[in-house]
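From first to last, the protein sequence lines are chains U and R.
The numbering of the first sequence is our numbering, which starts it at 1 and goes up by one.
The numbering of the second sequence is our numbering, which starts it at 507 and goes up by one.
Worth flagging that the hints you see were computed from the coordinates, not collected in a lab.
Glycine is no exception: its CB is placed at the ideal position from the N, C-alpha and C atoms.
A portion of the hints provided could be inaccurate.
Not the full set, but computed from the structure, chain U residues with beta-carbon under 10 Å of chain R [unchecked claim]: (1) Pro-121; (2) Pro-153; (3) Val-157; (4) Ile-161; (5) Gln-201; (6) Arg-208; (7) Leu-268; (8) Arg-291.
Some chain R residues well away from chain U (every beta-carbon gap over 10 Å; in silico) [unchecked claim]: (9) Ala-533; (10) Ser-550; (11) Arg-580; (12) Asp-631.
From chain R, some residues computed to sit far from chain U (all C-beta separations above 12 Å) [what the hints assert, rightly or not]: (13) Met-507; (14) Leu-516; (15) Pro-525; (16) Pro-527; (17) Leu-532; (18) Glu-534; (19) Leu-551; (20) Ala-558; (21) Gly-559; (22) Phe-581; (23) Gly-599; (24) Thr-602; (25) Pro-617; (26) Lys-620; (27) Gly-633; (28) Glu-647.
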Amino acid sequence: MSVSVLQTVLENGQAVAAHRPWPRVIVTAETWTVLGSGLAGGAWTLLGLWGEVGWVHLALHESTSGFIGVASLACPEGRFPALGRLHPPAQRLERAISDLVGLQPVAAPDTRPWLDHGRWPLRHPLGNARAPTQPLPPYRFLPAEGESLHQIPVGPVHAGIIEPGHFRFTANGETVVRLEERLGYVHKGIEHLLSGASLEQAARLVGRVSGDSTVAYALAFARAVEAATATEIPTRAHWLRALMAELERLAHHCGDIGAICNDAAFALMLAHCAVLREQVLRASAACFGHRLLMDVVVPGGVARDLAASDVDLLRALVTDLRRQFAPLVELYDNTASLQDRTVGTGFVRPVLIQQFGCGGPIGRAGGRAFDARFTSAYPPYEQLGFAPLTRTDSDVNARVWLRIGEVGQSLALIEQILDQLPIGPVRVDVSRSGQAGEGMALIEGFRGDILVWLRLNADGTVARCHPRDPSWFQWPLLEAAIEGNIVADFPLCNKSFNGSYSGHDL
Amino acid sequence: MRTWLFRNVLRSPLTMPAPKPSAAALAELATRVDQTARQRLGRSLAIRQVDAGSCNGCELEIHALNNAFYDLERFGLHFVASPRHADVLLVTGPVTVNMKEALERTYAATPDPKWVVAVGDCGRDGGVFAGSYACVGGVAEVIPVDLHIPGCPPSPMQLLEGLLALLQAQ
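Bound-form chain U, shown alone (with noise of 0.2 Å):
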């Protein structure tokens, strides 16, 4: 590992006490400014950008030396230097601490309400609420001027068994010439529900924020409580949680090839992939109760151990997905006609990939090799033999290739976890030491890394707790590689990208 630059610039700030793993340091404006040149220039990455009352925090990833570490700026005023105007990935984070905290980025160059529709009964809902003295103006899309252009509105409600958002599409003819994306319809208050909140409530809270990476966000959970209070749990606990995540996973990108040939309109390979995907699904529930594993990893641990049956009839599903897996892979790889539709379609630039940070198979799938369970390594991957794939044509087929890698990855890390699956206890009551504590945790979910910052009370409540999406660096891209592509491929780079719209509105 070189030297980390970022380390040197974070340690002009004045560091906080128990804020673990990384450290959090509070910093002058001055700095803060520095930081966002530095994210401009590509040498560190954002990994999430939130506030509370009086504070702004902004977590960043040096990939040269690894480094992560966390930056504050007091807002006494109200306001904070605009990372937005430097960085465009910061600017959705930033009008949405703007609707949600009332803090106000200065110099912004998009000042438009994100998650606020103008309909709450308040504004800011973590900062000081207040009841709207006067309605949100009208939401303007952005123009696109020229000869011929006509305009598509979809959704909010879309026309799939899929959760809802708007999309404004410029199109040329059959040829779209801009996409805008309006998300904020599913937004819950979840962050408002967690202030205050039981680590029960929370954790089965912060669980549903995305209901499809629910063991990831309950493990993300889970390890930033288990970091605020120093708690250790069992070696076992790390590996059930392991094994959890990758049958989540598994589940997800066996759906998400299917869904993306259907959207190609080859229905036989989601016919085939979903059955597949359902294999996994009841081989969870008859392991650990719950098809989606919902509430099973909990801080501390898990909350049901694997019996010593429930092995094989693991090993049994890997041994069959395999078999089956094998020809479908075959008969995509063989069906040019499929291959037409997905070869070229909707490309990412790699470039605008490492700009925004973007993570998950969408990352790798275009050049990124960033993966959390490999990058910050947290048990057990440390002691799994394994490596992120990469692809660099992030088209479409590149999504899919992806995903089929991550299949056998899967697989094969499930094999690795059940051969060397440690006996003792799962679970461990978490420290209650009746001090105030900070934590922080990145857990790759099947979309990507998924961040998790909270703060815990002396009384082990839940002070202020941000669960940040991977969508938030994912959607912002598919407005790009949907440029110059036609109308009728749209649903073909949605499902290829599968961003999640609950989780990223929170």
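Could you slot chain R onto chain U? The hints should help.
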């Protein structure tokens, strides 16, 4: 591909036997569904799913109804792309304030006679999100609900039992 299709013709199906309609659902429906509406709808129902703020967990299990194990279409139930084609609205989520109007407009766009099925614990009373400034809490707060299928999320089998009760109620 031809080999694939041929092989599947010879294989025995994965589809599970139909479950019995849920007794609780039948009881709830008996008091709510109008006799004339039942006669007009027949034994085939078009379903429009509306996510009104769900965490996406319910959507995953609703999706699973279409897989080979549950094969929803064998019962004459199928998902449609527009509320204008629908007999049934299958609504999930604690109804976020930001989705309330969209749900009302979807309901208004669905031709009569129509049924509303609220799916999941959130659809019943807001679930874990109840009490938030951003959630209305329960589908019945916004539009009339004929049937609740609770669960977090309900399994495909529970969904199937509830939906079969809709057909049975006729």
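Hints, verified against the model:
1. Pro-121: 6 Å, holds
2. Pro-153: 12 Å, violated
3. Val-157: At about 5 Å, which falls below the 10 Å cut-off, the nearest Cβ of chain R leaves the hint on Val-157/U intact, so it holds.
4. Ile-161: At about 5 Å, which falls below the 10 Å cut-off, the nearest Cβ of chain R leaves the hint on Ile-161/U intact, so it holds.
5. Gln-201: 8 Å, holds
6. Arg-208: 4 Å, holds
7. Leu-268: 7 Å, holds
8. Arg-291: 6 Å, holds
9. Ala-533: With a cut-off of 10 Å, Ala-533/R remains clear of chain U, as the shortest Cβ separation is near 26 Å.
10. Ser-550: At about 19 Å from chain U, Ser-550/R clears the 10 Å cut-off, so the statement holds.
11. Arg-580: 14 Å, holds
12. Asp-631: 14 Å, holds
13. Met-507: Since the minimum Cβ distance to chain U is about 7 Å, Met-507/R lies within 12 Å and the statement is violated.
14. Leu-516: Consistent with the label, Leu-516/R stays out of reach of chain U, its closest Cβ about 15 Å off (over 12 Å).
15. Pro-525: The assertion about Pro-525/R holds, with a minimum of 15 Å to chain U.
16. Pro-527: 21 Å, holds
17. Leu-532: 25 Å, holds
18. Glu-534: 23 Å, holds
19. Leu-551: 15 Å, holds
20. Ala-558: Non-interface label fails for Ala-558/R: nearest chain U Cβ at 8 Å, not farther than 12 Å.
21. Gly-559: 5 Å, violated
22. Phe-581: 17 Å, holds
23. Gly-599: 7 Å, violated
24. Thr-602: 6 Å, violated
25. Pro-617: 16 Å, holds
26. Lys-620: Holds, since 15 Å exceeds 12 Å.
27. Gly-633: 8 Å, violated
28. Glu-647: Correct as stated: the minimum Cβ-Cβ distance to chain U is 14 Å, above 12 Å.
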